[in-house]
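Q: Given next are the chains, with one letter for each unit.
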Amino acid sequence: MKLDDTLLPILYMLAAMGFILAIKWLNSPATARRGVIVGEIGMLLAVVGTLLRFEVVNYQWILVAFVLGTAVGIPIAYIMPMTAVPQRTAFSHACGALASALIGTAEYYKGLDQGAGFSTVVMVALIIETLLGFLTFTASMMAFGKLQEVLAQRPITYQGQNFVNLGVFAAAAGVGLALIVSPARSVLFPVFALLALLFGVLLIIPIGGADMPTVIALLNSYAGLSASAMGFVLNNKLLIVAGALDGSSGFILSIIMCRAMNRSFTNVLFGAFGQLQTSAAGPGEARPVHSATAEDAAQILDSARNVVVIPGYGMAVAQAQHKLREMFDMLTKRGVDVRFAIHPVAGRMPGHMNVLLAEANIPYDKLWEMDDINPEMSNVDVALIIGANDVVNPGAETDPHSAIAGMPIIQAYKARTVMVIKRSMNPGFAGIDNDLYYRENTLMLFGDAKAFLSSVVKELGALVKA
Amino acid sequence: MGNYEFDLWVFMLAAFLGFQLIRGVSPLLHTPLMSLTNAISAITVVGAILLTGEKDASTLSRILGFSAVFLAVLNVVSGYLITDRMLKMFKRREPEKK
Chain C
13 MKLDDTLLPI LYMLAAMGFI LAIKWLNSPA TARRGVIVGE IGMLLAVVGT LLRFEVVNYQ
73 WILVAFVLGT AVGIPIAYIM PMTAVPQRTA FSHACGALAS ALIGTAEYYK GLDQGAGFST
133 VVMVALIIET LLGFLTFTAS MMAFGKLQEV LAQRPITYQG QNFVNLGVFA AAAGVGLALI
193 VSPARSVLFP VFALLALLFG VLLIIPIGGA DMPTVIALLN SYAGLSASAM GFVLNNKLLI
253 VAGALDGSSG FILSIIMCRA MNRSFTNVLF GAFGQLQTSA AGPGEARPVH SATAEDAAQI
313 LDSARNVVVI PGYGMAVAQA QHKLREMFDM LTKRGVDVRF AIHPVAGRMP GHMNVLLAEA
373 NIPYDKLWEM DDINPEMSNV DVALIIGAND VVNPGAETDP HSAIAGMPII QAYKARTVMV
433 IKRSMNPGFA GIDNDLYYRE NTLMLFGDAK AFLSSVVKEL GALVKA
Chain A
18 MGNYEFDLWV FMLAAFLGFQ LIRGVSPLLH TPLMSLTNAI SAITVVGAIL LTGEKDASTL
78 SRILGFSAVF LAVLNVVSGY LITDRMLKMF KRREPEKK
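Those protein sequence lines, which keep their order, are chains C and A. Just so you know, we're using my numbering here: the first sequence kicks off at 13 and counts up by one. Just so you know, we're using my numbering here: the second sequence kicks off at 18 and counts up by one.
Hints in this document: simulated from the structure, not taken from any laboratory.
Estimated spans, in silico, between C-beta atoms of each pair:
| hint | chain 1 | residue 1 | chain 2 | residue 2 | range |
| --- | --- | --- | --- | --- | --- |
| 1 | C | 409 | A | 80 | 50 to 60 angstroms |
| 2 | C | 169 | A | 41 | 32 to 42 angstroms |
| 3 | C | 346 | A | 33 | 44 to 54 angstroms |
Listed below are the simulated PhoX-like cross-link pairs for lysine-lysine, each with C-alpha atoms no more than 25 angstroms apart in a straight line:
| hint | chain 1 | residue 1 | chain 2 | residue 2 |
| --- | --- | --- | --- | --- |
| 4 | C | 378 | C | 470 |
| 5 | C | 345 | C | 378 |
| 6 | C | 378 | A | 108 |
| 7 | C | 462 | A | 108 |
| 8 | A | 108 | C | 345 |
| 9 | C | 470 | C | 345 |
| 10 | C | 36 | C | 378 |
| 11 | C | 122 | A | 72 |
| 12 | C | 36 | A | 105 |
| 13 | C | 378 | A | 105 |
Here chain C is said to cover these stretches of chain A; the calculated rule only asks that three of the stretch's residues, wherever they fall, bring their Cβ under 8 angstroms from a Cβ of chain C:
| hint | stretch |
| --- | --- |
| 14 | 20 to 30 |
| 15 | 45 to 51 |
| 16 | 60 to 68 |
| 17 | 75 to 83 |
| 18 | 92 to 98 |
Here a beta-carbon is modelled for each residue, glycine too, at the ideal position from N, C-alpha and C.
Generate the whole structure from the sequences, applying the supplied hints.
A: Structure representation (structure tokens):
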């Protein structure tokens, strides 16, 4: 049985190369699907390599778990609507984190049974693995609940919340430390696990929907780091590398998200955004707005040379992306240049809007990033805002007291005409009033995004015939 | 298991490689990126298989390992498939159809 020393390390190394290339090829949509294939090959090599190891002799349960996992995984991948991708992502973070936590738990009890004792290094890695695993599991389930709207989306806060959270975390870390010092005190392990699980729940309670992109990215990072820690426990480089790739990916994405909101990590996690600000804005003070009908909107769009559409989560909620595509087609046919401006935090996870628009068959070269579109906004005839609010709020640039002061925005206000499809004048998620709505060149289009866009499409059709 | 120093070096280098690679990924594809890395981190299936397949694993190990294999395979399968499903949707402008 020399296989373990010769062939298997090479299989693992090839697997790691597959994962690295998979991420590398994701840098462009043209090569991205090739990336998925090498990633799959990498995983296959890793699994085959592991099954061939001499200590693996009992195949029946592995096989059953493979069949069950595949049977549940395939329908999830194909039935899941694209609007539900954030929930699915949160759910799979939960699954991945739970898997690491369970393996860590089993490794701990196995080590106790064998009585050989743990080296400090292994114990540190094991505690990190299970701590991150358990807390990411419950945190991701909470995020899933909020995204699926099983739980209230509004952040829930109470007096002294941060102290309670930090206290629970300190307790978990303290018990973890005690276990590292004396691994044989096995009564502590369930306590440690429960504290980690509890902390995960507490962590997400004060998080609102608008902060989900950052939090999901952060949980992605934790799940990866947990897998990496498992690599230290099992002395397996492939796990270390794959986990580190996932960990750094989630970490960078959450930094990008934080920057796009001009906020810090601590502020996202402990700031409980999205409440209280309404009172500061002075409620009930009705300022005049200009509103317009679908007919007016269609005419304005039709006579424009170029249009920039700025979608937000509201578009996803109203499922308006397919109607938007119809409008895009008609306007393009009439010679209007239509582009889409995507704010990094639009939607409920990084890149969410791009996926929805791509699903609606909008070509990706029409999807523009915020930094690329902003210099051109003053040459834009019409900015059409659909279900977005804070990401176009000029208050972020002009009002230093605004809750979103300093957040980079898509400068819709620079366009000659701004049109906003919105249900009512209720403030958006962050509860901040938006000065854009009261401007001279802004037209409010009141109604459900999908219904309103279909009327616009109908009116455009009438214009074509006339 | 004395070579944790070597493991730490591997971790550090892989993390930096990760930072560089992720920076190159277009924001257009951040959602597929997350589902792909999520599938990759289901490499924990390796640990789960080792645990479940051992010759004389305890019942606890067997149960926990079995659940972990299930969860990890679920993530591998759904992660790769949904990533591919998303990427398939990203198209350049199609030729004008009549």
